[in-house]
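Asker: Read off the chains here:
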Amino acid sequence: MIRGSSALARPSPVIRCLGYAAALLLALPLPVAKAEFAKVEPRPLEFPADHGSHPAFRTEWWYVTGWLGDAAGLPLGFQVTFFRTRPDTPPDNPSAFAPHHILIGHAAISDPALGQLLHDQRIARAGFGLAEAKIGDTAVWIDDWRLERSGNHYRARIQARQFTLDLTLEIMQAPLPQGEDGFSRKGRDPESASHYYSVPQLRVSGTLVRNGATVPVSGTAWLDHEWSSHYVAQGAVGWDWVGINLDDGGALMAFRMRDAEGESLWAGGALRSPQGEIKKFRPPEVAFDPRRKWRSPRTGTEYPVAMRLRAGDTEIELQPLFDDQELDARTSTGTIYWEGAVRAVANGKVLGQGYLELTGYWRPLEL
Amino acid sequence: MTALSRTPALVLRAAVLEPLLANAGRVALSAIGIALGVALGAAVHLINDSAAKEFGLAVRSLAGEANLVVRGPRTGFSEELYPRIARMPGVQAVSPALEAAVPVKGKEESLELVGLDPFRAAQVQPSLMAGIGGALGDLFARDTVLLTPAAAEWLGLKQGDTFTIFAGTEARVLRVAGLLPASGYRQRLALMDIGSAQPLLERLGILNRLDIRLHPGTDPEGFRSALAGILPPGVDAATPEVEAERGAALSRAYRLNLNMLALVALFTGGFLVFSTLALAVLRRRRELALLRVLGVTRDGIILAVLLEGALIGAVGAALGVFLGQLLAGIVVRELGADLGAGYFSTLSVHLRSDPVALAIFLALGIAAAALGALVPAATTAATPPAIALRAGDQDRAQGRLSGSTPGAALMAIAAGLAFAPPVGDMPLFGYLSIALLLVGAVLLMPRAAALALGLLQTRHPLPAWLAVEQLRGRPGQTSLSMAAILVSVSLMVSMAIMVASFRQSLDDWLARVVPADLYLRSASGGESAYFTSKQQERMRATPGVREVGFLRNQTVWLDARRAPVSLLARDVDPSRPERALPLVGTWIRPEAGQPPPAWISETVQDLYGFRVGETVHLPLAGQQRSFTVAGVWRDYARQNGAICIERETYLRLTGDPLANDAAIWLAPGHDRARVEAALREQLRDAEGLEIVGTGRIRALSLAVFDRTFAVTYALEAVAVLIGLFGISVGIGSQVLARRGEFGMLRHVGMTRGQIGAMLALEGALTSALGILFGFLLGWIVSLVLVHVINRQSFHWSMDMHAPWLLLAVLAAVLITASAVTAVASGRQAMGGDVVRAVREDW
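Chains as they are written, first to last, in the working numbering: chain A, 15 to 381; chain D, 1065 to 1906.
If you are wondering where the hints come from, they were derived from the structure by calculation, not from laboratory data.
Hints may be right or wrong, so weigh each one.
[As the list claims (entries may be wrong)] Here are the simulated SDA-like cross-link-like pairs (lysine to any residue), alpha carbons at most 20 Å apart as the crow flies:
(1) D:Lys-1117 to D:Gly-1269
(2) A:Lys-307 to A:Asp-273
(3) A:Lys-148 to D:Arg-1675
(4) A:Lys-148 to D:Arg-1151
(5) A:Lys-294 to A:Glu-55
(6) A:Lys-148 to A:Ala-52
Just so we're clear, the structure is a prediction, and the values are computed from it rather than from any experiment.
With the rest of the complex left out, here is chain A (with noise of 0.2 Å):
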């Protein structure tokens, strides 16, 4: 188990080298995408094609995160990640290890009586059936790690070094497009956009191993698919994002684009009611003010790990499960950021649990 800073703030030499990796297959150049990495332009999502990959643009990820309870009903946070990213090679390579795609996958568990994370991560070249990004459906996979989508359900299996989660995530809820039937803007340029939607409200049940012991879980999960050619904005340094599963069945996505002062460079939203209806958010209309600061012993950055967000009408408070929910991802995406279990509470309720990312607070994110 990783404990205390210094583990942290040393990884293994392993560890640190698929770090630089990652930080530079992801850190490519910032100016607008060549002309061989497709555009992101409106256009409906068709599915189940769009659950796949789209291996024309240069960037994609299957996001999972969620709020797990043993049979305690002690809470616990969860993540489960698949990147794909293509580096700036010549595609006409005929080599089998040409390496056109590089998979990341990245699992977290956040658990409040550890006080951090949990993590692990994987990083490959996509091929050979070993690891791969499948285009069609979701199926994505880096050796024993994999998430895919079959019927009604996802299914995600990690074999991470602390812990192993084999979770079945059931469909409760249609997919929820963002942005413009799912062509999210991310800053005034066009350009700066993605393909977005999120899976709200799914069930989970599953199993968690940890310490040698099999533990029985249930709880509720969102999952973000996006992907991009050019996803961070000129001017943009990282982003605030939140997805709530409400309790009474609605979901709430939340984002805003932050410039090198903190202010606000874009931003967007939704609110899907438990009936259905979805209420899109101008960038006017979304604030997210800092309530509460925590500052990393490790890496000294500080985060606004509670804030009150107010999109639209909708005004709550966002608290986290604990503060400490740091996730060092130099060793894979090349970056450090804060991606934790948070409620959502109004008035002293809680209306429902989902996950805050705050990026770009340790450094400015290239993506």
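Following the hints, put chain D in place on chain A, whose structure we already have.
Answerer: Just chain D, lined up with the frame of chain A:
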């Protein structure tokens, strides 16, 4: 009991220190002998050990935390094996790799290029990947490599520089994306992304190495047997330990040889102590007897003489250890750690200090000297003091050294041991045989000396008669001197014969294996360059070319524990194979219906037990193919063994029409230079092309040979030097011991000149006889060296050649030196009042 027996300090002074100081010159020579032996032994050991450890580390760090390493022949195996193995139960990670030795423009030697998947490598080989850092992203460009510091230094390159390699028929420019940290690798390596390496080396779909890391708790041996089921023929899995062992085994025989040579130097050093002390003790018989009369016990005397030897040894060995460390440092810095043999040339070795080994060498030095003192000590102590006190006893005491049965028995055992098989690929019994031969010969020396002197019948002139009589009258002392000469001369002769045999055999061999006029290589060194069929056609069609023989150079794995065997596909006429190959022994032509012929090198015969006439299976292009062993040939070029098959057969079985080398015979009347120019014109598209004449190949090969044997020569020279010390010490001290006798001779009317002539003759006779027996023994030892040690170490045979001229010159020098030493010592002995010395004697 007197006070003396209770006063060891006094005994020490009287019996140990005083005599040492009195003979300071000779004692110093003995100590230097020991020092040289220890220094050489320690230096050779330190260098070898550092190199071997470095090699082991390098192999291990390359394998990283892998539990198993799968390797294929040079042709590699299908990359489909990679996902198959990665999916096997128990597998945690598999790192695929494509390795090749690539020729580098402007370099004779090749560069080891390793294509790998950095992400997979990081799972298995953390040390390889440590510190790659930011350069990893650059690796995805098609033409970039990372260099180890050793490679960067060798190529003289830094980050951002470019260099040219040859792959296929083309020259390719590679860019240095960065250097690996100095803490990681010491080999010369260039790392490349495997996705770039495959197309670069024109090996799409091919891998030749997989490093497998198993889940904790998976049994590697069990997994290995499961793996064996899916590996194609010629592809094998071994543990990293076996990998390291395989690398170490390659140079082990060579390293052992050097260690043995160093020990020979130490042995001669010990012998030097023996002759010094034996004579010193003889001269001091009366003093020592006096000590006994005064109450010192026999054990006390033995102890005193042993101590004397040990003291000489300690001083010499301490000096030797110091010198050895110094020498090793200089050699590694100036010449590199491979001692000229090329085993570790791609490795930059740092000298490791090894206190345990140094302590052992210190002890060995002392032990050698103490052993040398043992016989004289025992002899002295065994004589009753009353007899020893009498004059003229000196020679009677030497009777103990003579006795011919033990010597003959040792020689017989030595002869038997020469026929024993190697122990773990090392000719241990061969070395033991030589040691016993030497000891046996020394023990036989008195009898042989008496026999030889008995044959000499001279009455005139007077000095000659006297000289012979003198020698005959003192067989003990005479044989002692002769033994000293015998040992050094025999070692010198045997090594000279071995080296000459090897060099001559190599020269003859080169003449047979390099019969054509011109040789074309697709690139110098490496394995990635070749000639295409079209280029081969153009060569044939070049005016002035009468005949072209093509060679395809591949490897096959016959045993995972051994290095791969070279597979040579070339044009050989099965009915006249001796025209193309230097065959030894009988050969056959496979009959119709039998598998095609394969001619194996002696190494393959020795290591794999293949016999002429039997059918063997060779993994070719992923399948086991049958061949008939049609003959055995001598190969000095490939220590891991080589198998030659017909190119036609190779083409049929593999479909590979490429060739690495071509041998060209000129049509009569054509000028070599002109044909060479025409060939260059025809092969403009072969960018790494190298054309060499036969003479240059031979010169280069012999230069490599001489470089390899440079250390051997040096060790040999030291052994001879120590032997020369022994001779001069022996003769000199004998002469000095006879002061009284010279006085007597002068008394009865002999002139100084006559005495001088007598001494010169004595010296010359002694050394001539020693040399005679030394040549005889040396010839026997060289038989063991050539046919046992060499064959078992390197698995190749050679023909005996004696460098007569060199040996004759050496013999003349030795005889002259002995005579001169004797005369010079005689002058010294006759100085002062020799007549009074007569009185001392009574």
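Asker: Compare the structure with each hint and give your call.
Answerer: Comparing the hints with the structure gives:
no. : hint                     : in the structure
1   : D:Lys-1117 to D:Gly-1269 : violated, 35 Å
2   : A:Lys-307 to A:Asp-273   : holds, 18 Å
3   : A:Lys-148 to D:Arg-1675  : violated, 56 Å
4   : A:Lys-148 to D:Arg-1151  : holds, 19 Å
5   : A:Lys-294 to A:Glu-55    : holds, 19 Å
6   : A:Lys-148 to A:Ala-52    : holds, 17 Å
Of the hints listed earlier, those the structure fails to meet are numbers 1, 3, in rising order.
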